[in-house]
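2 protein chains.
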Amino acid sequence: MTRLTATYLVETPLPVEEAAAQLAGEQSSGTFVAVPGESEELKQRFAARVERIDLLEVVEHPSLPGGRYADRYQRAEVAVSWPVDNFGANLPAIVSTVGGNLFELRGFTGLKLMDLEIPDDLLQHYVGPKQGVQGCRQLAGVADRPLIGTIIKPSVGLSPTETARLIEPIVAAGIDFIKDDELMANPPHSPFDQRLAALMHVVNRHADRTGKRVMLAMNVTDELDAMLQHYDHLVEAGGTCAMVSVNSVGLVAVRKLCEHGNLAIHGHRNGWGMMTRSPLLGVEFPAYSKLWRLAGVDQLHVNGIDNKFWEPDDSVVRSIAACQEPLGLIRPLLPVVSSGQWGGQAFETYRRTQTTDLLYMAGGGIMAHPGGPAAGVVAIQQAWQAAVDGRTLLEAAADYPEFRQSVAKFGGTELAEQLAGGRG
Amino acid sequence: MTRLTATYLVETPLPVEEAAAQLAGEQSSGTFVAVPGESEELKQRFAARVERIDLLEVVEHPSLPGGRYADRYQRAEVAVSWPVDNFGANLPAIVSTVGGNLFELRGFTGLKLMDLEIPDDLLQHYVGPKQGVQGCRQLAGVADRPLIGTIIKPSVGLSPTETARLIEPIVAAGIDFIKDDELMANPPHSPFDQRLAALMHVVNRHADRTGKRVMLAMNVTDELDAMLQHYDHLVEAGGTCAMVSVNSVGLVAVRKLCEHGNLAIHGHRNGWGMMTRSPLLGVEFPAYSKLWRLAGVDQLHVNGIDNKFWEPDDSVVRSIAACQEPLGLIRPLLPVVSSGQWGGQAFETYRRTQTTDLLYMAGGGIMAHPGGPAAGVVAIQQAWQAAVDGRTLLEAAADYPEFRQSVAKFGGTELAEQLAGGRG
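Each protein sequence line maps, in turn, to chains G and S. To get my numbering, take the position in the first sequence, counting from 1, and add 4. To get my numbering, take the position in the second sequence, counting from 1, and add 4.
Rather than coming from a laboratory, the hints here were simulated on the basis of the structure. The model shown is predicted, which means the values in this text are computed figures rather than measured ones. One thing to keep in mind: the hints can contain errors.
Identical copies go unnamed one by one, so any copy, or any two together, can satisfy a pair.
The list that follows gives simulated cross-link-like pairs (lysine-lysine, BS3-like), each with its CA atoms no further than 27 angstroms apart [unchecked claim]: (1) 134 / 312; (2) 134 / 216; (3) 413 / 312; (4) 312 / 216; (5) 134 / 413; (6) 413 / 216; (7) 47 / 312; (8) 216 / 47; (9) 47 / 134; (10) 413 / 47.
For reference, chain G alone in the conformation it holds in the complex (with noise of 0.2 angstroms):
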């Protein structure tokens, strides 16, 4: 029998291997005292089972509350297992056993899910991003450097129609990708039907002219049948993407969306710091990209270097790396690089990652360039350009006009005065 596999980071004030057996009892067999019926046979056919305990550091404090009273708690990370059988291909009752109600064990106090190893005869029940990388770059004519990308700001408030005369300098600039900000989905003032109309007629006037279609990801985030609905009317207005806020959403209406059609799906992170940001509860981007890449997601945010939230660099790499992972016959995820970039941060994406399938999304970053937002579009081109040349921020500078107003703009002082140094 095949068996999916789960990783925690967890904490704990018992000794680790009692823990990790309550966790493995939790959420197979167990309850918190013998029942009629779980017999010896059932436990071996259906009961989890720990694989692997690798100890970590003690510590004095425990970092979540609630936990039982010790005097040291242990870390440590544990794999354990369940038979396919326990839940077969049902992604909400997987979602159920390798999370549920283990965040709440009084013998952990931290518990956070780090990855999933899926066996082939589960993934064989998915078909996952119907374009992934590949699909992406087709639908947006970019062959061999990351998509690039903005968001519209302000992200509410503008009618359809101001909505459309700011995109259209974008849309001229050559721009791969534009998207919807997560604010912004099917409000009184600006419906989607009529966002949806009006900015495409810029795309398909622009794509009529030179051939090249951009990437419209228009935030269809809505209740199921009105979301499904916007899908359609996406399609028929000649549009290539939908973005959807995958955490509001929610996995199964995103799975139903994402088997509606051949659109690319942008998926939006957004809730993800409430999943992430404590060091010892929730989950980790590995486990949680797998989920939303089984359901069909195509594209998935992974903030970026330097990004103005919170998330450390090492992370946003690593999640850069679980998009790309092998998963079967599964395409990869495309990463969505976001939040405060602009062109600087090519070279050190770059360097860390070594690869140029991501889609690139600055939005302050072009919507703000002092030659307005084609300079800012260009910029980031050459930025990019550059990184793969080897050359570095500074040379880059020196080469290209816009991407030194954007050094000279949104660099820091730091850069600004290097970069006058450069040329003295």
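Since the structure of chain G is provided, determine the placement of chain S on it from the hints.
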């Protein structure tokens, strides 16, 4: 223009006014630099507004990593409001607005969404629980005491026939409610339809004989089409309640499920610990439960007094109150009291909540009763009768032999000794 208000517990390295302004800006029109189009008029109409700041304690160490450095971190309760026009009647968009990226901001070293105040013109778009407390009472035929329920254990591994055999004596004992464990959904070894047929046969036969129809909450958690099919089959088989793992399925698909017909929806909150156990990250039950209530869930888990999980009793009591809080014309939720419960907690539960509008669940507490499951059901009915009559646990144990056996088995050594003392 009416506004939706969210209340947060925050911790910040910044002056609180500045942090609150950042929160409001991030979740309405802001990005990290000013952009064209963000006019004063637009801000006036669409900006989120800080309504209230109540300072709390100052701490020396940040609760969460990745925040800006400071030598002191101020905690505060902050209320922020948004115009309803920013999102309209779109639950997932509301979630992305009041939560979303906020948890990732470096200006906060703690952020917990505490409660939501939802204006009437938003509420009117939602039906809410179709059954609520009164509907569940009618469906289960229980007028004026808590509904008493149990969970099928072992959680996984039994065949449909074995499961039917297991529930027969429990149904015969006059229980009001039986549910699947959250680990049991639609696995190969117990397919939903087969389990449904086997279990409803027991339920229907008992109903034909006695007039009492046990509320059987089969776990319909699955991919969307499968989940709706399970629902339809439940209705055809004469079922009155469907259980769903709300976090694993997600808000949009749960709402679709709730609107699919008139079954009572049993909302299992497994995974909830991940969102709430960190004292300064995530969501508190009053905010969380309102979202599910708007989505149409009828019954929602709240843990119980002296539960086996980490949650303190005070928090359980607050959650029960939240289920019953007025919310326009929307019906109250039926709180599901569970986790390590047996009759013993009836006394403290009633003393602190003064309500019998509860679904009182015991798993091992019924199934492992020394006199068998039937005696386990009777013992809990006795305990609640005594609690409402104003009697103490020991008085009840003296009067009722089945409850007395419960105390001896589940009450711990101290209670057992008091019991023996009272006897002598």
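Which of the listed hints are not met by the structure?
1, 4, 5, 6, 8 and 9
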